[in-house]
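Given only the sequences and the hints, what does the whole structure look like? Please build it.
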Amino acid sequence: EPEVTQTPSHQVTQMGQEVILRCVPISNHLYFYWYRQILGQKVEFLVSFYNNEISEKSEIFDDQFSVERPDGSNFTLKIRSTKLEDSAMYFCASTPNTEAFFGQGTRLTVV
Amino acid sequence: GENVEQHPSTLSVQEGDSAVIKCTYSDSASNYFPWYKQELGKGPQLIIDIRSNVGEKKDQRIAVTLNKTAKHFSLHITETQPEDSAVYFCAASRYTGFQKLVFGTGTRLLVSP
Numbered sequence: 416e417p418e419v420t421q422t423p424s425h426q427v428t429q430m431g432q433e434v435i436l437r438c439v440p441i442s443n444h445l446y447f448y449w450y451r452q453i454l455g456q457k458v459e460f461l462v463s464f465y466n467n468e469i470s471e472k473s474e475i476f477d478d479q480f481s482v483e484r485p486d487g488s489n490f491t492l493k494i495r496s497t498k499l500e501d502s503a504m505y506f507c508a509s510t511p512n513t514e515a516f517f518g519q520g521t522r523l524t525v526v
Numbered sequence: 025g026e027n028v029e030q031h032p033s034t035l036s037v038q039e040g041d042s043a044v045i046k047c048t049y050s051d052s053a054s055n056y057f058p059w060y061k062q063e064l065g066k067g068p069q070l071i072i073d074i075r076s077n078v079g080e081k082k083d084q085r086i087a088v089t090l091n092k093t094a095k096h097f098s099l100h101i102t103e104t105q106p107e108d109s110a111v112y113f114c115a116a117s118r119y120t121g122f123q124k125l126v127f128g129t130g131t132r133l134l135v136s137p
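Chains as they are written, first to last, in this note's numbering: chain A, 416 to 526; chain B, 25 to 137.
No lab work stands behind these hints: they were computed from the structure.
Check before you lean on any hint, since a few could be wrong.
Think about it this way: if two alpha-carbon atoms lie no more than 30 Å apart in a straight line, the pair counts; the simulated DSS-like pairs of lysine-lysine are [stated by the list, open to error]:
1. K92/B x K457/A
2. K61/B x K81/B
3. K61/B x K457/A
4. K66/B x K493/A
5. K46/B x K66/B
6. K95/B x K61/B
7. K457/A x K498/A
8. K82/B x K472/A
9. K61/B x K92/B
10. K472/A x K92/B
11. K493/A x K61/B
Among chain B residues calculated to face chain A with C-beta under 10 Å, some are [as the list claims (entries may be wrong)]:
12. S50
13. D51
14. P68
15. L70
16. R75
17. F113
18. A115
19. L125
20. G128
Every residue gets a Cβ at the ideal spot worked out from N, C-alpha and C, and that includes glycine.
Here is the structure:
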């Protein structure tokens, strides 16, 4: 069964460093998303992406964040200068229509 | 802004009992309501969903009901099994081609053998 894959599974970075989280959505899906989940809290929407541009972004998705689909398969989330409060699980998702398929997540720890 | 409330935060049942999780949403334009199961160390996995033109949907031991007037929807799991133990999230969205899911706070379900 096709699935969304994310790498790395765990990333530890120093505050102020840039990180890139990578995702390979399901191949025939058209809409791509990033969500995050701070430990013990709800899953929060960050950004949606369609046709090589951002469709919608949340208040969390400030200038430190960017997304890119550099080729036909990868979808990346970049955080330019990480802060302690960026520590969370980051989930990538893709949809063909309504049903969202989530990856297993990348745990980002900022120290 | 959009908000989804979910109750209870934890739910413990004996194997074979039923479990009910309830959610309310604030955005009256929401028209799609999925439920996700999240096991430890994994991403959310869709288990059932319902659209606003339907009041109830059932899939084997799982059912979801929607009351649009009251803006609440519920997940019902019958004949619970230990492997049902997980965190369950409800979500709501306005589907407009793409969707922005607004998640509830989650319910940790523990099914004891």
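Hint check:
Note on K92/B and K457/A: the hinted pairing holds, with a Cα-Cα distance of about 23 Å set against a maximum of 30 Å. Taking the CA atoms of K61/B and K81/B, the gap is about 17 Å. The hint holds against a cut of 30 Å. In summary, the hint linking K61/B to K457/A is supported, as the alpha carbons are separated by about 13 Å, within the 30 Å threshold. In summary, the hint linking K66/B to K493/A is supported, as the alpha carbons are separated by about 22 Å, within the 30 Å threshold.
A hinted pair counts as satisfied when its Cα atoms are at most 30 Å apart, and K46/B with K66/B qualifies at roughly 23 Å. For a cut-off of 30 Å, the pair hint linking K95/B to K61/B stands: about 22 Å separates their Cα positions. Between K457/A and K498/A the CA atoms are separated by roughly 20 Å; this keeps the pair inside 30 Å, and the hint holds. Between the alpha carbons of K82/B and K472/A the distance comes to roughly 33 Å, so the proposed pair goes past 30 Å and is violated.
Restraint check for K61/B and K92/B: satisfied, since their Cα atoms lie roughly 23 Å apart, inside the 30 Å limit. Taking the CA atoms of K472/A and K92/B, the gap is about 27 Å. The hint holds against a cut of 30 Å. For a cut-off of 30 Å, the pair hint linking K493/A to K61/B stands: about 27 Å separates their Cα positions. Here the hint on S50/B is broken, as its CB sits about 14 Å from the closest CB of chain A, past 10 Å.
Violation of the interface hint for D51/B is found here, the shortest Cβ-Cβ separation to chain A being roughly 13 Å, above the 10 Å cut-off. The beta carbon of P68/B is positioned within 10 Å of a beta carbon in chain A (closest approach about 5 Å), and the interface hint is therefore held. The closest approach between the C-beta of L70/B and any C-beta of chain A is roughly 6 Å, which is under the 10 Å cut-off, so the hint is satisfied. Given the 10 Å rule on beta carbons, the hint for R75/B holds: about 8 Å separates it from the nearest Cβ of chain A.
At about 6 Å, the closest approach between the beta carbon of F113/B and any beta carbon in chain A falls short of 10 Å, and the interface hint on this residue holds. With a least beta-carbon distance of about 8 Å to chain A, the hint placing A115/B at the interface is held under the 10 Å criterion. Interface hint at L125/B: satisfied, since its Cβ lies 6 Å from the closest Cβ of chain A, which is below the 10 Å cut-off. The beta carbon of G128/B is positioned within 10 Å of a beta carbon in chain A (closest approach about 6 Å), and the interface hint is therefore held.
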